[in-house]
Structure formats: C-alpha cells, structure tokens
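Chains as they are written, first to last, in numbering that gives the first Met the number 0: chain C, 0 to 291; chain U, 0 to 282.
Source of the hints: derived by calculation from the structure; they are not laboratory data. These numbers were taken from a predicted model, which means no experiment stands behind them. We put the beta carbon where it would ideally sit given N, CA and C, even for glycine. Heads up, some of the hints might be wrong.
[Claimed, not checked] Computed list of chain C residues with no C-beta within reach of chain U, every gap over 10 Å:
id	residue
1	Ile8
2	Ala10
3	Ala13
4	Ser45
5	Ala72
6	Gly132
7	Asp185
8	Gln241
9	Met250
[To be verified] Simulated crosslink set (DSBU-like; lysine-lysine; CA at most 35 Å straight-line):
id	chain 1	residue 1	chain 2	residue 2
10	C	Lys101	U	Lys138
11	C	Lys287	C	Lys96
12	U	Lys138	C	Lys96
13	U	Lys138	C	Lys66
14	C	Lys166	U	Lys198
15	C	Lys166	C	Lys287
16	C	Lys66	C	Lys166
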Amino acid sequence: MRASTAGWIFAGPALIVLGIFFGIPVASALLLSLTDFDLYALADMSNLRFVALGNYVDLLQTPLFWKSLGNTAYFVVIGVPLSIAVSLGAALLLNAKVARFKGLFRTALFAPVVTTLVAVAVIWRYLFHTSYGLVNWALGHIGIAPVDWLGDPAWAMPTIILFAVWKNFGYNMVIFIAGLAAIPEDLYEAARIDGASRWQQFLHVTLPMLGPVLLVVAVITVSGYFQLFAEPYVMTRGDPLQSTVSVLYFMYEEGFMWWNLGRASAVAFMLFLIILGVTTLLLRFGRKRELV
Amino acid sequence: MSRIAAYKEVGATRWSAWAVNGALVALAVVALAPLAWMLSVSFMPTGEASGFPPPLLPSALTFDNYHELFARAGMGRYFANSLMISAAITFGALLINTMAGYAFAKLRFRGRERLFQILLAALVIPAQVAMLPLFLMMKGMGLVNSFGAVIIPGLATVFGIFLVRQYARSIPDELLEAARIDGAGELRIFFQIVLPMLKPVLVTLTIFTFMAAWNDFMWPLIVLTDQTNYTLPVALAALSREHIQDVEMMMAGAVVTVIPVLLLFLALQRYYIQGLLLGSVKG
C-alpha cells in the first residue's frame, strides 16, 4: 500500500461521515430554504414548490422572528461580556500569587461546565422559583421582595443570562489562566518599578498581553451564545410573553412542531449569516487593533 | 526597598491574600451550591423542598425518589439508552477521528492541506443548520427514532480530527519510515506504533466525546420521537414538564444525569483541561 493511498483510506471514514451527515445536509439546507417544504410535502413530495427567497422575505415580515432575534441579541450583548468578565475575574484570582488551593478551586469553578445543561437548568428553575426558591428566600433576608424570576417578562431573560454565565464561565476561565501564565513576569516587574498601581498593571500589561486570547474567547463565546436553545426550552418554553423565544427555539418550533421545514431552514441560514457576520466583524476589529 | 515600604508590602500582601481567597471561596460556593442543593433535595421526603423557609438538608434521608424514578418513571431505561449511545459514539469516533487525525498529520496524499482547510472552515457552520435536512435524510433511511440516527452523525468531528492531528504531528517521520523499510504495513504501523504514542490525546478525546454525547440535547430531542428511546437529557426535559411539582424526584433525576459525567471529569480532569487548551488555541 502506497502512503498516498493509505492517507485516503485512513482519512476516508471520517470524510465520508462528515460529508454525508454534515456536508450534504448543510448544502441541502440552503436548497430547502428556497422551497415551501411543509407537512403536505412531507406526505407527498409533489406538493413541493420552489419559492426562491420567499421564505426569507416572509420571515422579515414575521413579528415573532424579529422578537426571537431581539431576544437572542439581548442574550448575546449582555451575556457574552458578563461571561467573559466573570471568567477573567476568576482567572485573575486563581492566578494571584497569594491564592491557595489553586487546583481545588479550579476544579470547583469548572464543575458547572461539565454538567448536563438540561439537568442544571431544571435545578435553576427550582432555585429561582417565586415562592419556595432559595434565591428569593435569601433575598428576603436583605429586604428584597420576591421576584417572579422566570414568570416576569422583564426578568426571564436576565435569569437565563445568569444561568448561562454560571454554567459557562469556567470554560473561558481555564483558557484565561493559560493566557495569564504566558505573560512574562518581568513586564510586571518593570511596571512596578515605574510605580504602576495594580489597576494600571492590569490595564497596561495584562489586558494588552491577553489581547489575542481575549479575541479567541470572544469569537467562541459569541458564536456559542447565538445558539441559545436548551435553556429556554427547559426553563421557560419561550414564555412569558415570548420574551425568551430565541432564534433556534423559533426554528425548532417552525420545523418540528409545525413542520415548516423550508421556513425553518431559512431561519437556520439567517442565524448562520448573522453569526458569521458578527464574528468576522470581531476578528476584523481585532486585526485593526493588532491583536492577532 | 526601604524598611517601611517593605512592612507596607507585607501588610498589603496579607490583606490581599484574605481578599483573594475570600473571593475564591465565594465563587466556589456559587458554583457548587446548586449542585449541593440538588443532591440534598434528592434525598428529601416528597413535598419537603416546597416548604417555607426552604430546607437546606433533608429532615430524614430517603431513597424513595430514586426508587420511584427507576420503578415508575423508567429512569433505568433512559440511563441504559444514554450509556449505549454515548459508548457507541465514543468508541466509533475515537477510531475514526484518530485515523483521520493521523492521516492529516503524517500521511501525504493529494489535496491533504486543502481538505484540512475546508474542514476547519466548516467549523463556523452551526450544527443546527444541518439538522433539518438531516432529519429528512434519517426519515428516508428509516432511521428516525433509532439509536443509529443519534450515533452515526456523531462518529466523526472536526474537533476530534484537529485534536489528534495537533498531537500526532510530533511523531518523528523517521520512526514511521524505519517501520516501512522493515516491511511493516500501514495498518500495523498505525496500531502498533502510532496508537501507543497517541495515548494521552486518546484519553482526552475519549472524555470529550463521551461527555458531549452524554450531554447532547437538541439532536436527540428531534430524532428520538418515542419515549422508550429517550436519552437522559431528553427524558429529564420531558419529565420536568409532567412532574414539575415533584421537586424531590426531579432532583434525583438530575443527580442520576449529572453525576456520571461529573465523576468522569473529576477522575480525568487533567486530560480534559489539556484538550480544552489544545482545541481552543489554533495553530
């Protein structure tokens, strides 16, 4: 067997699986989004019609689509910076020379990341319950009246954001710890000799040196947060008043509850384009600031 | 440094040691409290957790919730489903991704670099874009509501291939050449020389794949339509809609779902963290 043949044989199974079960579906999704594939087409393919960009035009006139886009944007715009800030804060604490039991703390802070999202979302639903949840009980001690966390349209999304930050911050924290460890100690030494305070050291040494890592983390987190689905599915079912319907939740309902697979594919593609656009902008911004 | 400045420094260090460690303790409490509460409530008698003030510890330890869960709610079946699906994906993906990762690192074939770039570029496409046509495809193959529909698309991942490739690049070419000159076939080289050298990354890949398969939700939710085939997360989501009042039983369900992956992580976290770092730093 020649090495080149061997290469194809070894890479073959993976390429076949990825090609058939990812490549072809993605290409078909584009085609599907240009048809009116629905329950009738599911029963009999002769009912299928080509509608060109009809689904996309239609979606742009659907209030719930805009609402889901707004909800998802809210989740991303507040959730991503908050997540990154908490991750960075935790990493700085763990990186501090005076910190003790670093391994133990790192494990504890990372634990939520490996837990099953559905299971911990169920836990949070009870913790944030209006009348017998621990959170309202604790807030009661400092004189805060019970909040209807998941039942009030103004609070439901913030609660989901808090949940997502809790669940995810450990992941970026580990990446930040590695990034912080790579910053040479002499830079801090030099800054201290120049009389820089801790805050100034953070602003003028840590942040710039962490730039490339921050960019990677921001891109990963943004594209992950745009794919919000299981949290509203388990915690709120999109309610109250559709304040937690995310784009993927909308897609799921269109596709697998109403069987409008054409329309749902258009939703999936729009989300893809939005993610691509936002992450490209982030990378371009990073390049301009010479982070990469 | 003058002596006064040195004293100041010591005082500041002591104060900041308290602040840093105190903040770490607070963060750890926030991170772990929901999990501790879940464990505690799962042992409470029915109805106790809905009392006011909410109790932190059970008044009497009971295993009734677990018993109820396995005897009536079919938890044993969901657990077995999850285990079977995750094990099959892990085993298959381990072999397929490792072979491909090795090929992309060490075997020269036409179009290799180009192909690898396409794979990396495909990472920007969210998995959900493929899900609708994939469902129709599975329907055409008669696989909807079968374990195969969950397992087969998970058998290869770009992340897995990338991870193995990064690691396999450090295998010296001379070693492989020497084996070829000695007349060893490519398969033998792979199984007898390459695989043993890849051991650490194989452990990493195993944990990652198993955890991702165990925790996966959206695709199993879509493609497993019959309750008897549900995986744990799908079953738990369905149970929480039916039994929302039964806090204690739901928490027992959460424990059964979360504990296996949590233990796996605790046992092998070094490999997990390494993989996370290797996977997130492009190069």
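Consistency of the hints with the structure:
no., hint, verdict
1, Ile8, "violated (8 Å)"
2, Ala10, "violated (4 Å)"
3, Ala13, "violated (4 Å)"
4, Ser45, "holds (16 Å)"
5, Ala72, "holds (16 Å)"
6, Gly132, "violated (7 Å)"
7, Asp185, "holds (17 Å)"
8, Gln241, "holds (18 Å)"
9, Met250, "violated (7 Å)"
10, C:Lys101 - U:Lys138, "violated (50 Å)"
11, C:Lys287 - C:Lys96, "holds (34 Å)"
12, U:Lys138 - C:Lys96, "violated (57 Å)"
13, U:Lys138 - C:Lys66, "holds (32 Å)"
14, C:Lys166 - U:Lys198, "holds (30 Å)"
15, C:Lys166 - C:Lys287, "holds (32 Å)"
16, C:Lys66 - C:Lys166, "holds (25 Å)"
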